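J.: As a plain string of letters, each chain reads:
2 protein chains.
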Amino acid sequence: MSHKYIIIVGCGRLGTILVNRLSRLGHSIVIIDKDTGAFEGLSSDFSGFTIGGDAAESSVLQNAKINKADMFYALTNNDNTNLMLAQIAKDIYKVPFVIARVNDPQRDIVYKNLNINTICPIIIAADELIKRTEG
Amino acid sequence: MSHKYIIIVGCGRLGTILVNRLSRLGHSIVIIDKDTGAFEGLSSDFSGFTIGGDAAESSVLQNAKINKADMFYALTNNDNTNLMLAQIAKDIYKVPFVIARVNDPQRDIVYKNLNINTICPIIIAADELIKRTEG
Chain A
1 MSHKYIIIVG CGRLGTILVN RLSRLGHSIV IIDKDTGAFE GLSSDFSGFT
51 IGGDAAESSV LQNAKINKAD MFYALTNNDN TNLMLAQIAK DIYKVPFVIA
101 RVNDPQRDIV YKNLNINTIC PIIIAADELI KRTEG
Chain B
1 MSHKYIIIVG CGRLGTILVN RLSRLGHSIV IIDKDTGAFE GLSSDFSGFT
51 IGGDAAESSV LQNAKINKAD MFYALTNNDN TNLMLAQIAK DIYKVPFVIA
101 RVNDPQRDIV YKNLNINTIC PIIIAADELI KRTEG
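Protein sequence lines, in the order shown, are assigned to chains A and B. Numbered according to my numbering, the first sequence spans residues 1 to 135. Numbered according to my numbering, the second sequence spans residues 1 to 135.
Everything labelled a hint here was simulated from the structure, so no lab data went into it. This one's a predicted model, so the numbers in the text were calculated from it and none came from an experiment. Don't take each hint at face value.
Covered stretches of chain A, going by a simulated chain B footprint (3 or more residues, C-beta under 8 Å) [stated by the list, open to error]: (1) 7-21; (2) 123-135.
So the derived label-pair ranges between C-beta atoms look like this [what the hints assert, rightly or not]: (3) Ala56/A x Lys131/B: 25 to 35 Å; (4) Glu57/B x Glu57/A: 45 to 55 Å; (5) Lys131/B x Ile109/A: 34 to 44 Å; (6) Ser59/B x Asp70/A: 48 to 58 Å; (7) Lys112/B x Lys94/A: 40 to 50 Å; (8) Asp91/A x Ser59/B: 48 to 58 Å; (9) Ile92/A x His3/B: 27 to 37 Å; (10) Ile130/A x Glu57/B: 40 to 50 Å.
Every residue gets a Cβ at the ideal spot worked out from N, C-alpha and C, and that includes glycine.
Required output: the full structure, derived from the provided sequences and hints.
T.: Given below as structure tokens:
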């Protein structure tokens, strides 16, 4: 494993669990959320930075040193926000590895057509359930 | 693949995508939801049965022929409902294979301690993101 600098937007359930695990794996993390109360779920040994603010504002992303990021994960509950943030990170700041969370499975294809890497928890869960059904 | 009789409760995003895929794979499906409008997302070639009703009522489960089910998936958006339904299916009706959806990752351990098989889309998504980060 190589050490990576990762920016994550959205400290909901997925963001929180991921940040805690990535931080424990030794990666450098910046987590951004509009609601600073969302950071309360971070574990006490989280060693990264938190930024309370709107990631759609370029000052917030610059504050997060996005130009140095190896990875950028847009994990908010809003699909449009995630798509927009992923495009900004990819096209404007040239972050090498970008993923957008897709909450609505029907939109997953649309994002893929836009050449945005996605993660759709519902589709992955369905894949897993199919596997367990057939297994 | 062997043909299975599967009862699914909750026709939300996960239930819908799963039912459509399992039906296409040739399994016999009964999908139950309180809100019959939820069935509108089922594909036109869905060949199973839909039941509009509250699965917590034994008449609804009996109507679904739960005593013949090979598998029972509780996939509503409510963790308590899913846990209760899974316990009913497992302990009262002796369904051989039961899974409860867990929306709150922190409850996953609790369910496992109760010996209920779970699927938590958020935990699976986090696992997948860790894999992609490290990969």
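J.: Which hint numbers does the structure go against, in order from smallest to largest?
T.: Hints 5, 9 and 10 are the ones this structure does not satisfy, whereas the remaining hints hold.
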